Amino acid sequence: MVPLTHYLALGAILFLIGAAGVLMRRNAIMILLSIELMLNSVNITFVGFARQWADLTGQVFAIFVIAVAACEAAVGLAILISLNRDRQMMNVDEINLLKW
Amino acid sequence: MELAFFYLFAAGIVGASLLMVTRANVIHAALLLVLAFLFMAGLFVLAGAEFLAGVQILIYAGGIMVLYLFSIMLMNVGVAVRLRQWHRQSVLALAAAVLLGAEVWAVLGRGGYPGAKAWGWGLGQTPGNVEALGEVLYTKFLFPFEVASILLLAAMIGAIVLAKREITR
Amino acid sequence: MIRYAWLIPLFPLAGVLINGLLGSRVRDKAGHVASLMAGLSLLVVLGIAREMILGPGGSHVVPVWTWITAGSLSVSVSFLVDPLSTIMLLVVAGVGFVIHVYSIGYMHGDPGYPRFFTYLNLFMLSMLLLVMADNYLLMFVGWEGVGLCSYLLIGFWYEKQSASDAGKKAFIVNRIGDAGFLLGLFLIWTLTGSLSYAEVFKAAPQLAAPAATAIGLLLFIGAMGKSAQIPLYVWLPDAMEGPTPVSALIHAATMVTAGVYMVARTSPVYVQGPGALEVIALVGALTAIFSASIGLVQNDIKRVMAYSTVSQLGFMFMAMGVGAFASGIFHLMTHAFFKGLLFLGAGSVIHALHHAPAAQQQDMRYMGGLRSKMPVTYWCLVAAALALAGVPPFAGFWSKDEILAGAFFSGHYVVWGLGTAAALMTAFYVFRMIFMTFHGEMRVDHHAREHIRESPAVMTVPLVILAVLSVVGGVLPGFPPDAGWIHKFLAPSLAKAPGHAALDEGVRVVKAAAQAGAQGGGHGTAGIALIVLAIAVALGGIALAWRMYLRDTAAPARLERRFPGLYRLLLNKYYVDEIYQACIVEPIYRLMRALFDFDQKVVDGAVNGSSFLTVWFSRISGIFDLRTVDGAVNGTAGVIGFFSQLFKFIQSGMVQNYLFVMLLGVFLMVSAYLFR
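Protein chains in written order, with the numbering used here: chain A, 1 to 100; chain B, 1001 to 1169; chain C, 2001 to 2676.
The shape of chain A in the complex, shown without the other chains:
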């Protein structure tokens, strides 16, 4: 049986890889892909806990995470497409409409 800490460590590593991707890449699609990675790292943690405590709640929540990820992908990609149409670019660090 795989110890719980292994799942947690794997989840943490993936989460940090994803977070680093979100913070370091300029391309918006890469950022969305990295976010998917972060969401999946959470799923690994959920599944690990579900396994450890023999409780299906973790797996149920993983399903909800997938649903949320699907929403995020749909809306995020829609934003990117309209952005790409309006400005012919998708580098996040060139968009600073939130600036004061």
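Hints listed in this document are in silico derivations from the structure and should not be mistaken for laboratory results.
Possibly wrong hints are sitting among the right ones.
[As the list claims (entries may be wrong)] Pair ranges (Cβ atoms, derived):
#	chain 1	residue 1	chain 2	residue 2	range
1	B	1069	A	85	17 to 25 Å
2	C	2073	B	1130	31 to 39 Å
3	A	55	C	2676	23 to 31 Å
4	C	2600	B	1069	53 to 61 Å
5	C	2620	B	1164	44 to 52 Å
6	B	1058	C	2203	50 to 58 Å
[Claimed, not checked] Heads up, incomplete: computed chain B residues facing chain C, CB under 10 Å, no partners named:
#	residue
7	1087
8	1092
9	1100
10	1107
[What the hints assert, rightly or not] Some, not all, of what chain C presents toward chain B, calculated at C-beta under 8 Å:
#	residue
11	2656
12	2657
13	2663
14	2667
15	2670
16	2674
For clarity, every value in this text was computed on a predicted model and none was experimentally measured.
Backbone N, C-alpha and C fix where the C-beta goes; we use that ideal spot for every residue, glycine too.
Based on these hints, arrange chains B and C on the given structure of chain A.
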């Protein structure tokens, strides 16, 4: 044996993800992410989550990632490859991520998790994973489940509104 | 049937969705859809009422789902069906349905027709939630919902400045009351640890008298706002800017009685704090006489009704205050019938006069002699007026005089005296309205005269239904006084007031008097005297109105000349609106202007100063950045460059910078966990 498979899958996931975040070409990155998801599905089977493994392959690798690839094809990626790939805060971000990783490592090192319980929904057992999960999902979690469906509907409408072209009358 | 109680609010909700979302499609059918939904609700209510009345009764909770669970606070959305809520449901669904049907005719051709019925159904939904809730928070949801609908419907013709102002006034005045109500809820939760009726009432006997009094007073502040009691009654007369069916449904029959219902519902808490009940009785009595006296001289037909409603609500609170809870609810019910009818009848008159100049449509000085033109409306209104005046055997007699007897026998002689005087004025002003509108010579504008005709059946049939209820709605459930069917039915839902021993004694006396009267004996003279006095007061008021407005039509002008100050005082409603304007609204405006100046000079100055500093600082750090990037050969310089950029990026508008700060936050939180 189980541990060996775990390490195999874990190495696959981490390797694919590391390659993914460093690619300049988003199509390569998306395909690498699919690979990572496939390894992850294997990991889920290992952890007794057969249904999730199926969902991971069908919905994630099959559905969401195809959505990504379609969207990428709608956009102009060729230009993006030749641009600078890394954000100016990269070094700081990497440092912060590594520091956070070290901290998580320290937290995990403390251990202190309650002991494992016997898994009751393995392959070939009754009720199986899918059956048990379905029962929980449609009884105890019925309300969140319905809320999730409304969320999906809202996201769908939102995506259509955001992405459609302005109709000029 | 009772377990299907959740269907009752569901039908109006369906109506709201259909008319609200498809309003432009359903158009002329909106009224039928809304009426159908109200009718279906009424069917379910009737089924439940049949079971409650014929069956063993009792109190049933129909759970729907758990709404909030936070710590020890648990609030569920569940419906309470007990005798009190059954009576309220009958009133709300019954009168509501009748008024929906009436509105089909009244609102016909209005450009906002679907919107009107959407609001009307939304109101039904909120009101049903309010009376069916099994806890205070859900009641509060309904309470706010009806407030919102009231605002929307008063300002229904929002292009009219006075209408939208009246809507805002109603909303703001209600807000003041609701703040008190909310504080009351907080206090209930703090003291009893729950908001559900069952738990609160179980804990109520342990409450100390000051605590119960405080809860009672705070809740009563809410009731003051919603049910238009002194000093928060000012919005209700202005609310007559709304369409007449709205005035009938919301501002006469149902919403304004929500406060009465709430006090009756909370009676187990109120009896623990008698101080609050004394306040309620006094406020009710003062409101009753105060607004009845204003009603004596008003010329706008709907304003007369509005002040009459305020006054009758005062009677209901009087009943609550003296501990005669059942009588108060009984009066609420009969009042819903005859006041709804008065408003609908007035609406029918206004509808007939819609060719007259706008300023004359509602002014009784420009009416008169309509009896032969509109016989159905006339006879229905006469029935309602007799009921309101308290002439036996019409509905109002049974409930109103029960309240006065309750006040008398529980020892509240001042309250009783004020109430009796208000009853005299009531009989006078309602028949003044009848005589000015329907009798005497016709003073209608010549051009509008040929257009006057009886309203269509869709409007007169509701009038007739309510007229029948105004005639028999009192005697059937309320005879014999204080021991009728309705009192026995309501008894399990209501607490007994502390002074109830005296009240019971009074009831015994009245009953003995009734028996003695039947047998020709000489016992219980007090009871008989009260009844005789009540009838005399009602007939006296009517006779006075007849003398002043039919026989000797110069009399009002003569009185006006003899007491010019009093007349102006009444006509201007005691100048209450002006006093509020001067004492409350103006100071608030001044305060707001002062705050605005403060904002302009001090806050904006600080903001501008800090933005100047920020610009200056970022300029410096920009120069610094430039120099270090130029000389960026070694690693130290690079790190310093990143930090200087960090300062610049604090408001960079770039989402990744914000995310980075978020990650830093996570880092700090984990650090705190690690090194704590």
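Structure-based check of each hint:
no.: 1; hint: 1069(B) with 85(A): 17 to 25 Å; in the structure: holds, 18 Å
no.: 2; hint: 2073(C) with 1130(B): 31 to 39 Å; in the structure: holds, 37 Å
no.: 3; hint: 55(A) with 2676(C): 23 to 31 Å; in the structure: holds, 28 Å
no.: 4; hint: 2600(C) with 1069(B): 53 to 61 Å; in the structure: holds, 55 Å
no.: 5; hint: 2620(C) with 1164(B): 44 to 52 Å; in the structure: holds, 47 Å
no.: 6; hint: 1058(B) with 2203(C): 50 to 58 Å; in the structure: holds, 54 Å
no.: 7; hint: 1087; in the structure: holds, 6 Å
no.: 8; hint: 1092; in the structure: holds, 5 Å
no.: 9; hint: 1100; in the structure: holds, 5 Å
no.: 10; hint: 1107; in the structure: holds, 6 Å
no.: 11; hint: 2656; in the structure: holds, 6 Å
no.: 12; hint: 2657; in the structure: holds, 7 Å
no.: 13; hint: 2663; in the structure: holds, 5 Å
no.: 14; hint: 2667; in the structure: holds, 5 Å
no.: 15; hint: 2670; in the structure: holds, 5 Å
no.: 16; hint: 2674; in the structure: holds, 6 Å
Checked against the numbered hints above, the structure breaks none of them.
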